[in-house]
Every structure is written in structure tokens, then in C-alpha cells.
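Participant: Here the protein sequences come in this chain order: A and B.
Take 1 as the starting number for the first sequence in the UniProt record's numbering and just add one per residue.
Take 1 as the starting number for the second sequence in the UniProt record's numbering and just add one per residue.
Please keep in mind that the hints were generated in silico from the structure rather than gathered at the bench.
No residue lacks a Cβ here, since even glycine has one placed at the ideal position from N, Cα and C.
The reader is advised that the hints may include incorrect statements.
Label-pair distances were calculated between CB atoms; the ranges are [as the list claims (entries may be wrong)]:
1. B:L171 x A:D6: 43 to 51 Å
2. A:R112 x B:G283: 43 to 51 Å
3. A:R18 x B:A244: 50 to 58 Å
4. B:P215 x A:D88: 39 to 47 Å
5. A:A63 x B:D374: 30 to 38 Å
6. A:E38 x B:E274: 40 to 48 Å
7. A:P137 x B:A81: 52 to 60 Å
Residue-level listing of the chains:
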Amino acid sequence: MTNQLDQLYQQVILDHARSAHGRGLAVGDENARSAQGESHQVNPTCGDEVTLRVALSGADDGAATVERVTWEGQGCSISQASLSVLTDLVTGRSADEAEQLGETFRALMASRGQGLDESLEDELGDATAFTGVSQFPARIKCALLGWAALRDALAKAGAASATSAPQTQDLPKEDA
Amino acid sequence: MTTTSAAQGAPAHPGARLTDAELAAVRADFPLLGRTVRGGRPLVYLDSGATSQKPDPVLDAEQDFYLQRNAAVHRGAHHLAEEATEAFEQARADVAAFVGADEGELVWTSGATAAINLVAYALGNATAGRGGDAAKRFRLAPGDEIVVTEAEHHANLVPWQELAARTGAVLRWLGVDDSGRVRVDQAADVVTERTRVLAFTHASNVTGAVTPVAPLVARAREVGALTVLDACQSVPHLPVDLHALGVDFAAFSGHKMLGPTGVGALYGRRELLEALPPFLTGGSMVEVVTMAETTYAPPPQRFEAGTQPVAQAVALGAAAQYLGELGMDAVAAHDHELARELLKISELPGVRVLGPTEPGAVGERLAIVSFVVDGVHAHDVGQVLDAAGIAVRVGHHCAQPLHRRFGVAATARASASVYTTVDEVAAFREALAGVRAFFGAEGA
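Isolated chain A (complex conformation) (with noise of 0.2 Å):
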């Protein structure tokens, strides 16, 4: 097989697609003082989809905490190892913190193979593997599936914040 196929499906990628963190859809973690966002995300040019719950604790705004994110999907490997690292990477941050590292990994995912400065990968830990991903504009969108349904589940759970959204404008807004 090529380079380029080894750059697209670095070994990172192969073992979290294959032992994906997060999938399963968490129930009953309906506690008072955790807020809930849910999101279902389609790539209609595969079928595959993503259901993402987020659960939220402490501040009701982008400084709450990510205390879960659960996921049940469908996909390809590229979509389903994004899932997980996505997952890892994000639980225990802030909603803030999320949605900027959402912004990273969308600017990773542009690079056209080129990465990203060595502080801003740093951030992305296990996210970096999908450098190669970005070479290939047809598998871009199955990277970020599962990052517009967090970027989603966070507005969903009120932690939308003023600060870090410059690109939600395409997001539905649930508060009246």
C-alpha cells in the first residue's frame, strides 16, 4: 500500500476505530445539576450518522464542565476513530475548551496535509493523526462528523459561548 495510504490510516486511527471510546449512548445520567445536549449529525453523501449526547456540570455557560460524552454511530473508520479521540480529548474540559479544541481540529482538517503549528497540535494530543486526513478532501467531512454534533450538543445544552463561537451561525439555536 502507499504512503499516502499509511498517512490517511495512521495506526492511531486504525486502533481507535477499532476500539472507539465513548460509543454507547449514556441513559438515566439525567442528575439535576447536569445540563443535557444531544445532537444527530448525517454526512448525506454515505449515510453514515452520529447520535452525540454531552453532559454539562458546575457553570451554566462556556465555563461548565465536560463531564461525558457518549456517542452511538455509524461509519468509516475515519469517522468512528474522529468519534472516539474526539471523546478522550474533550471530557473533563470546559465548554469553552471544547469548542476552541473543535476549532483547532477544524483548522488541522484545512491544511491540505500541512499541519498545524507545533503549539496548536500539541493541544490536539491523538487528533494530530488526522493530518493526512486533510489531503483528502473527500474524507474531510467524516473527520468532522463528529465534531459539528459536540459543537452542536454544547449549544444544545446551553454552553454556547460568546467567546469561541465565530462559526455557529449554522447551528440551530433552541433557546426562544
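Keeping the supplied structure of chain A fixed, place chain B upon it in accordance with the hints.
Facilitator: Relative to chain A, chain B alone:
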């Protein structure tokens, strides 16, 4: 303008497949097939079901029109306009003859999707009272039924859902059996006196299964329903004689049959087109226009509002000629051989084909083979094949209900055309055999 092509002067040999020399000559007509992909690998193009490549005579015909004869057709009396109109109408005659129709029965459209929508919207317009008494036969009422099949491409499903929603008609469908064939046996129950339209695919773009047209046309005639045939996949691969098939309408696209994008055709039986009100209205499709009202041109012009894709239609005429000169019996025999070769993938561990696979099915299906690989998503299958230079389609191929029928969200699909070789299919099988190992899915 070129030149000699493989199709020109090819001996007629009904039933015989293309010889190796003929196939080599065909491939030489397709410049794109000579390129490499993904770092110098020879291209193995197995996505002809999505769109075919184009031979020199087609490319030349389109360019030649622009270089020598470009003018507005059916208006203006100057020399160029005459030549352009003649080329445009000759292409109509050539394409019509290629599918066993009269030239007055062939309406240019932008493609098959537009052709099917044309029928659906014209029926809707008749329902709204347009077309006068002649069009009364097309009116739909609440409680009437439109029947499709579970095998349809979205282009032959969604327009009928919409027509049903606009008219109060009820949408029903024939199922698909486990082998991927349309359940023709259900027609006796599903197609009834209430059925006004029976729309079905001639050959599935997913399973490759060819639908037996005769029993469905017979049932539709018994109950007085119109038949609409999606012939997108059959016309490039099989001899198709629409008069002999007896359908009322048929749609096909140019770009799947070696022609350009942006052009396709609607076939309609003459008496039906004459009675049908127009869909798109405007220039070129009129007789007399006053400020208050308009009378319409006879078909096919009645259905060709605005400037048509003239150069593309001329090139589609060249594509029909190219295929006709190869001989559609030979093209079909070649397709059957490729189907047999493609179906060998069902012997690979973990590979499941959606569609007829038994040895006797080769004559009842096209060389369009969709499949799933246990433990590996279709996207990932396609990516590994792509790295070997092999182009296949991945996804639901615009047929979500059919994929749902088989319990899968996506498949990979290998589809062949006249220029596909047995060696290419062998390269595909070899690359596919390594996919599960790459993802560690063996034994999964």
C-alpha cells in the same frame, strides 16, 4: 476532426463479444484511460455506472460543432443556423434510432432526472386542468395510486413522492427480493385499477439486476396505467428497443453512455406527448403568444423551452453512433463477460455482493456489482482500492431505500463499460483481497 475510431467499420457480429483487438482499439479512443493516478499508478476506472469516459469521436463532435457550426437552432435563416439545426436534429434522429424510437418521440433534457421530473410535473399540470380535454387522461385524483419499486434511484422515486403529495395520489411500491431483483410477482396485487403510473428501473444502478419489462407493461396496460422506464443503466450496456418494450415513457442520460454531461432524453409515445401539457415554458416551445395566453408547439419542441444543450446533443448523437457501430449485441456480450469476472469477488472471504450472483444470473444483470466487506466500511474499502489506482463508487449510490432493504448504509460499487478489460477486473479483485488485512478485519 479525427479520424478513425474503433467503432467505425467494425464488423457486425451479433452475440459475439468484442475481440481483444477491438477492445484495444476501443481503449485507444478514450484518451483519459491512458492517465495515471495516485503517484503514477495506471488508472483502473470501475465507476462507469456513475459516469462513463468519453471517446475521441464524441469529444471531436462537440468541439467540431463549436468550431464549425455554432449557431442558435430553430431560429434564424442564415447558413450557420441551418447547419446547426441540421446537426441538432440529426443527433435527435440518431439517438432515437439507437433506442428504437421515432425522432418525434425524443425530447432533449438536461439528463434523466430532468426527464422524469418533466413527466411528473406535466402530469401535475394536467391534474391542474392544463392541456384541456386531451390531457384529461393524465389527471390524478386523491385515491389514485402511483407505483414505483424499492430498487429505484432517487431520481425515479422522489419526483413521484412529490407528485403524490401535490395531487393526493398514494405512492405504493413493488419490493425487492433477497437476490436484488424487483418483485414482479407483487404486481398483480400492487398494480390495480387505481394505479395511474407505474415507474420502474430497467436495470438497478446498485444490484445490476435487469427488470423484466414485459410482465410489468402487460399488467400496467391491463389496468390502464402509464409506464415510465428509467433506462439510464440499460441503454449504455444492452440493446434497447423502446417500441418493442412497449413502455409509455423512458428516461436516460447522455453522460453514462459515452456522451457529455448536461444532456439526456425523454422518450414518450407520440400520442401521449401530443396530449401532454408542457412542464417548463418560455421561448422556443410556443406557436402563438399574446399578452394574455399562448398556444404551444407540437412535441418534441413543446417540451424544450429555452436554449437546449445543442453541442452536447450533437455529441450524444456521436456517442449513439459509436455504440451502434460497435454493435450493442457485442457490447452486451462484453458486459456479461465483465459481470462474470466481477462476480468472482463473492468468493473472497468476507465479501458479500448485493444482487444476483448465481451463475445463471449473468444474462439477467449488468456489470454493476455493489458489495460490502465484513468489518470494513465502504469508504475505507474505496480508499484502499483508490491507493491501487482503482476507482470505484462508495456510498448509497442515490438509492437509500434499497440499501436499507439490505440492512446496510453504504456499499462499494464496481461498474464497467465498453472499455473495461478482464485484466482490470482482475487487478480490482487482487486489491480487494488485501483490504481486510489492511484494516485487521480478518476473522472479525
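Participant: Hints first: check each against the structure and report whether it holds.
Facilitator: Verification of the hints:
1. B:L171 x A:D6: 43 to 51 Å: With Cβ atoms ~48 Å apart, the hint holds.
2. A:R112 x B:G283: 43 to 51 Å: The hinted range 43 to 51 Å holds for R112 (chain A) and G283 (chain B), with Cβ atoms some 45 Å apart.
3. A:R18 x B:A244: 50 to 58 Å: About 54 Å separates the Cβ atoms of R18 (chain A) and A244 (chain B), which means 50 to 58 Å holds.
4. B:P215 x A:D88: 39 to 47 Å: Given a distance of about 57 Å, which is not inside 39 to 47 Å, the answer is violated.
5. A:A63 x B:D374: 30 to 38 Å: 46 Å, violated
6. A:E38 x B:E274: 40 to 48 Å: Between E38 (chain A) and E274 (chain B), where Cβ atoms are some 56 Å apart, the hint is violated.
7. A:P137 x B:A81: 52 to 60 Å: 43 Å, violated
Figure legend: structure checked against the earlier numbered hints; hints not met, in rising order: 4, 5, 6 and 7.
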